[in-house]
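Student: Sequence:
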Amino acid sequence: MKKGKIEIDTQGTFAQDWEDVLTLLYRPLITDRSFTLYHLLRAMRGKTLDMEEMLRLCGFSEKRLESARQTLEEFRLLKTYQKAASREYLVVLFPPLEAYDFLKDNTFGRLFVAQMGSKSYDALKLHFASRNIDTQGMVEITKPFDSARLQNWNDDQEAIMASLRPGEKTGGFERSFDFETFFVQMDRVFPPRFRTRKNLDLIASLASIYGIGAEEMKKYVNRACNPYTHAFSPEKLERLVHATLKKPVAAPEDPYQMDPMHFFQMRQSAPMARADESLIRDLSEKYGFSNEVVNLLVEYLLDVTGQKFQRAYVEKVAAAWNRLKITTREQAQKQIEAERSGMNAAKTPGVSTGLPEWYDYKPNTPVSEELLAKALARQKKAAGK
Numbered sequence: 001m002k003k004g005k006i007e008i009d010t011q012g013t014f015a016q017d018w019e020d021v022l023t024l025l026y027r028p029l030i031t032d033r034s035f036t037l038y039h040l041l042r043a044m045r046g047k048t049l050d051m052e053e054m055l056r057l058c059g060f061s062e063k064r065l066e067s068a069r070q071t072l073e074e075f076r077l078l079k080t081y082q083k084a085a086s087r088e089y090l091v092v093l094f095p096p097l098e099a100y101d102f103l104k105d106n107t108f109g110r111l112f113v114a115q116m117g118s119k120s121y122d123a124l125k126l127h128f129a130s131r132n133i134d135t136q137g138m139v140e141i142t143k144p145f146d147s148a149r150l151q152n153w154n155d156d157q158e159a160i161m162a163s164l165r166p167g168e169k170t171g172g173f174e175r176s177f178d179f180e181t182f183f184v185q186m187d188r189v190f191p192p193r194f195r196t197r198k199n200l201d202l203i204a205s206l207a208s209i210y211g212i213g214a215e216e217m218k219k220y221v222n223r224a225c226n227p228y229t230h231a232f233s234p235e236k237l238e239r240l241v242h243a244t245l246k247k248p249v250a251a252p253e254d255p256y257q258m259d260p261m262h263f264f265q266m267r268q269s270a271p272m273a274r275a276d277e278s279l280i281r282d283l284s285e286k287y288g289f290s291n292e293v294v295n296l297l298v299e300y301l302l303d304v305t306g307q308k309f310q311r312a313y314v315e316k317v318a319a320a321w322n323r324l325k326i327t328t329r330e331q332a333q334k335q336i337e338a339e340r341s342g343m344n345a346a347k348t349p350g351v352s353t354g355l356p357e358w359y360d361y362k363p364n365t366p367v368s369e370e371l372l373a374k375a376l377a378r379q380k381k382a383a384g385k
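Here the sequence shown stands for residues 1 to 385, numbered as in my numbering.
Please keep in mind that the hints were generated in silico from the structure rather than gathered at the bench.
Keep in mind that a hint or two might mislead.
[Said to hold, decoys possible] Taking lysine to aspartate or glutamate and the EDC-like style, the derived pairs with C-alpha atoms no more than 16 Å apart in a straight line are: (1) Lys5 x Glu88; (2) Lys3 x Glu62; (3) Lys125 x Glu98; (4) Lys308 x Glu330; (5) Lys63 x Glu53; (6) Lys3 x Glu88.
Predicted, not measured: the structure shown is a model, and the values here were computed from it.
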């Protein structure tokens, strides 16, 4: 890897004891320099560094850095990519295998026994085995939380907390998704360590917004799990689900019960732009609207804005609906009727139509011939004419 820019990223889920595994199982098989480089890259994830800065931070020579990097790659802890015909690199750090997977790995397990001996292998196998903590005959003396710390908490703060608390807006997705069916025969593909609240919310949210059932979602999650690194990639899952928009979907008798993505695509009869897709996800995830409410809101906004669907105005209306606590189809329809009535009654000069002032603004200032001539002269001069 020649001198240049190095972007550092991570992929996969780091288990709670990943540092223990790296220290006790990987470190005896890799060099101390590789061990140090791994922690440096982990600490600098999300950053872009010059090669000189990388060498300065790790204290290695360029040759030793290259050797340490290649060792991490051999042990499936790192992947390196180079942009074509440039000195721009991307290094992706992967979490260590879990202890059980490392010790039973055909390569790593044998290598550990060959280098450290069978006694060390058995000792660490016992070390990482699950143990029940025996507290019999002991009295817990842990200090409980002092509720007086929240004695000044008030209703306003509680309202703010309700809007910020993780899961409040996506809990509905998790309740509506059939996880019981999804988890059947998924223990090896999607083990419990991947079943964090964040990952489950993502799966349930994508299923609802894109109209994907539990059995079909199994296939996408399976493809989003790397069989070699044993890592789950939420980003890959999102890409796979996004690709489903290319498949035509028949509209049901009641189109408002469709998933929002296909409903929007049907309404505009064209492929969906990424910006529109992101905005519709926000309507479902950020504001917590049901699919029916999102579809009614989308149809209404496309109609009143002439198919422009601009984020600033969409979020303004969505925020208003959220404050009005609109959660059902009936409430959304009544609100739309009320807003349409307000627009029809406000067509007299000086009365707001509900749209922002800039939305339909058309400049009517006369053109200055003098300014236009000067601008054209500057353009010719810049072009060397």
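Student: Against this structure, judge whether each hint is valid.
Tutor: Now for the hints, and whether the structure bears them out:
1. A hinted pair counts as satisfied when its Cα atoms are at most 16 Å apart, and lysine 5 with glutamate 88 qualifies at roughly 5 Å.
2. The hinted pair formed by lysine 3 and glutamate 62 meets the criterion: a straight-line CA distance of about 9 Å does not exceed 16 Å.
3. A distance of roughly 12 Å separates the Cα atoms of lysine 125 and glutamate 98; the hinted pair therefore holds under the 16 Å criterion.
4. Simply put, lysine 308 and glutamate 330 have alpha-carbon atoms about 25 Å apart, too far for the 16 Å limit, and the pair is violated.
5. As the CA atoms of lysine 63 and glutamate 53 are separated by approximately 15 Å, the hinted pair is consistent with the 16 Å bound.
6. At roughly 9 Å between alpha-carbon atoms, lysine 3 and glutamate 88 fall within 16 Å of each other, so this suggested pair holds.
This entry does not satisfy hint 4, going by the numbered hints stated previously; all others are met.
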